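Colleague: Here is how the chains run, residue by residue.
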Amino acid sequence: MSISVDIEKKLGSFSLKVKFEADNETLALLGASGCGKSMTLKCIAGIEKPDKGCIVVDGITLFDSEKKINLSPQERHVGLMFQNYALFPNMTVLQNIRTGAKREKDKDKRERFVQQVMDSFGLAELADHYPHQLSGGQQQRVALARILVSDPHILLLDEPFSALDSHLRFRLEQEVRSVIRSFGKTVLLVSHDRDEVYRMADSIAVMNDGRIEACGEKKAVFAVPGTKTGAMLTGCKNISRIDRTGQNRVYAADWGIELSVNALTDAATYVGIRMHDVCPGTGDNLTLCKVVEVIENPFSVTVLLRPDGAENTVPIGWETEKEIWKKYQADELYMSLPMNSLLLLEGDKNA
Amino acid sequence: MDWFPLLNSLRIAGISTVIIFFVGIFAAYYISKAPRAIKGVLDVFLTLPLVLPPTVVGYLLLRILGPKRVIGAWVLSVFGVKLTMTWWSAIFATVVVIFPLMYRTARGAFESFDETLAYSGQSLGLSNTYIFWRIRMPYCKQGILAGTVLAFARALGEYGATSMIAGYTPGRTATISTTVYQLWRTNDDALAFKWVMVNMAISFVVLLAVNMLEKKHAAAKGKGGR
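In the order they appear, the protein sequences are chains G and E. So for the first sequence, my numbering puts the first residue at 164; every next one is plus one. So for the second sequence, my numbering puts the first residue at 1026; every next one is plus one.
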């Protein structure tokens, strides 16, 4: 079970050019809205036609511009779940799920399969309800059931939780994770939420402006995001432009301090550090800083710090537990940006 | 009282509505998917009969279908049938006049359709025919029904183009509207009034139906259904 995608598509001034592969795993496309991640799913499902390239799922070529292969969406056996779940409003839950089973010609077999899926998704009681009578979570369950009954070779989930209230998401994520586990084939998940992606996926591809900037095992991508966008999308909030001042020495222009870094390459034009990696007290790159502002979060504190003497620079955020901040509570403190936590980043590749 | 004009009006309106139901939906469906430039041009052209005086439509139709004109002459020589001055000639007139009503309401309905429903149907393996008749049409049902009823009502009332292309022959081409005019012209006020009442009754029922459809539509939207 695998997918390999290598496609190009131009849409006005936007150009999509993506290449990735995934095995029997969950691959998340992580990107801001408008970066082309939903378009990529639509190309795989056959709703949009790429200008160039090929798409292969489980050894079956769905699209190949050179061999002039372009299977219809009906022939692709790709299970695509839309953000709004796209349940047919004029049909009941049972009728909706039956539409997914239409490819199976044997009527008894079809009905058995529908019943089986209805039961396993706990939808038996909702069988006669119409979509508008269901909660968001129930709608999602029906949409998943309808897709799985169609026996897809691959599952594509487009922002599966964005239509739900945040308090529902956590529980539904668990449901979807267990569906993915029992599905056991390739799953592509599109999302802009780094936490969701980290919890749901095995691998992550960071997308920006129609390109994949970083791709790999999720822990590796979070540890070394590689690009500025990758760092931002994986939740790094402190990012500064850099000028090289010496061997493994840089000046962080937005922060107004000079830093020592590990293994500086020519391509690196930005430096970043996650807010919880900032260290008070002792360590590398120690700087005396003024406290600009203290922002209280529900379970933590974000302290905005500016190097002593610098003016009009972007403050560096330090996120820590409330108990730890209580120990400091000063107007001034020494802050370390540990070399091992500094992320050296490339700028936007096509900017 | 001779009920022929009622029968004739109903059959002309009925047949025209059936024709325009399919033609209007077909045009609306394809034009709603067309590129914008083509859409603009076709839209103007197809809506024209709505704003043209019916006599102008009648004149144009006679220019094409008259026994000495292109199509009219050809049909007469090949099939030996005259396209004008029969009861069904009026169908040409009504079809042209009511087309924009059906086309515009159906197009509005199609444009409000959520395309992701069609896409997910395709991904599930449903045929495009199934998606059109079982998903798209039910979704747009209210708008299309309202358009059909409006088209039927307008067809019943068609006078100008009809009188030019089908004329007024009692018992052959007379419709309610041409009859009312004829009776008024010949000073048969009592009978004219009866036909006016008949016409009012039909129109009242039709408009009531449109209103009820729209209310049902609004109610369905209100409770979160689409």
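Honestly, the hints are just simulated from the structure, not real lab data. Heads up, some of the hints might be wrong.
As the list claims (entries may be wrong) - Using 25 Å as the maximum straight-line C-alpha spacing, the simulated SDA-like pairs for lysine to any residue come out as follows:
#1 265(G) with 283(G)
#2 1219(E) with 1166(E)
#3 1166(E) with 272(G)
#4 1058(E) with 238(G)
#5 173(G) with 1182(E)
#6 265(G) with 1219(E)
#7 173(G) with 1140(E)
#8 173(G) with 1166(E)
#9 1058(E) with 437(G)
#10 1166(E) with 490(G)
#11 272(G) with 1155(E)
#12 490(G) with 427(G)
#13 212(G) with 1137(E)
#14 173(G) with 1219(E)
#15 1240(E) with 296(G)
Computed from a predicted structure; not experimentally measured.
Colleague: For each hint, tell me whether it holds in the structure or not.
Modeller: Here's how the hints hold up against the structure:
1. Between residue 265(G) and residue 283(G) the alpha-carbon distance is near 19 Å, which keeps this suggested pair within the 25 Å criterion.
2. The straight-line distance between the Cα atoms of residue 1219(E) and residue 1166(E) is roughly 35 Å, outside the 25 Å bound, and the hint therefore fails.
3. Of the supplied pair hints, the one linking residue 1166(E) and residue 272(G) is violated, its CA atoms being roughly 33 Å apart against a limit of 25 Å.
4. Distance hint between residue 1058(E) and residue 238(G) is fulfilled; the C-alpha atoms sit about 23 Å from each other, no more than 25 Å.
5. Annotation: proposed proximity of residue 173(G) to residue 1182(E) is violated, straight-line Cα distance about 52 Å (limit 25 Å).
6. Simply put, residue 265(G) and residue 1219(E) have alpha-carbon atoms about 56 Å apart, too far for the 25 Å limit, and the pair is violated.
7. Note on residue 173(G) and residue 1140(E): the hinted pairing holds, with a Cα-Cα distance of about 21 Å set against a maximum of 25 Å.
8. Restraint check for residue 173(G) and residue 1166(E): not satisfied, since their Cα atoms lie roughly 36 Å apart, outside the 25 Å limit.
9. In summary, the hint linking residue 1058(E) to residue 437(G) is not supported, as the alpha carbons are separated by about 48 Å, beyond the 25 Å threshold.
10. Proximity of residue 1166(E) to residue 490(G) is assessed by CA-CA distance (about 67 Å); at most 25 Å being required, the pair is judged violated.
11. Distance restraint check for residue 272(G) and residue 1155(E): the Cα-Cα separation of roughly 21 Å lies within the 25 Å cut-off, and the hinted pair is therefore satisfied.
12. Taking the CA atoms of residue 490(G) and residue 427(G), the gap is near 35 Å; set against the 25 Å cutoff, the hint is violated.
13. Taking the CA atoms of residue 212(G) and residue 1137(E), the gap is about 24 Å. The hint holds against a cut of 25 Å.
14. The suggested pairing of residue 173(G) with residue 1219(E) is violated, with an alpha-carbon distance near 67 Å, which exceeds 25 Å.
15. Our distance criterion of 25 Å between C-alpha atoms is met by residue 1240(E) and residue 296(G), whose separation comes to about 20 Å.
Hint compliance for this structure: hints 2, 3, 5, 6, 8, 9, 10, 12 and 14 are not met, and every other hint is.
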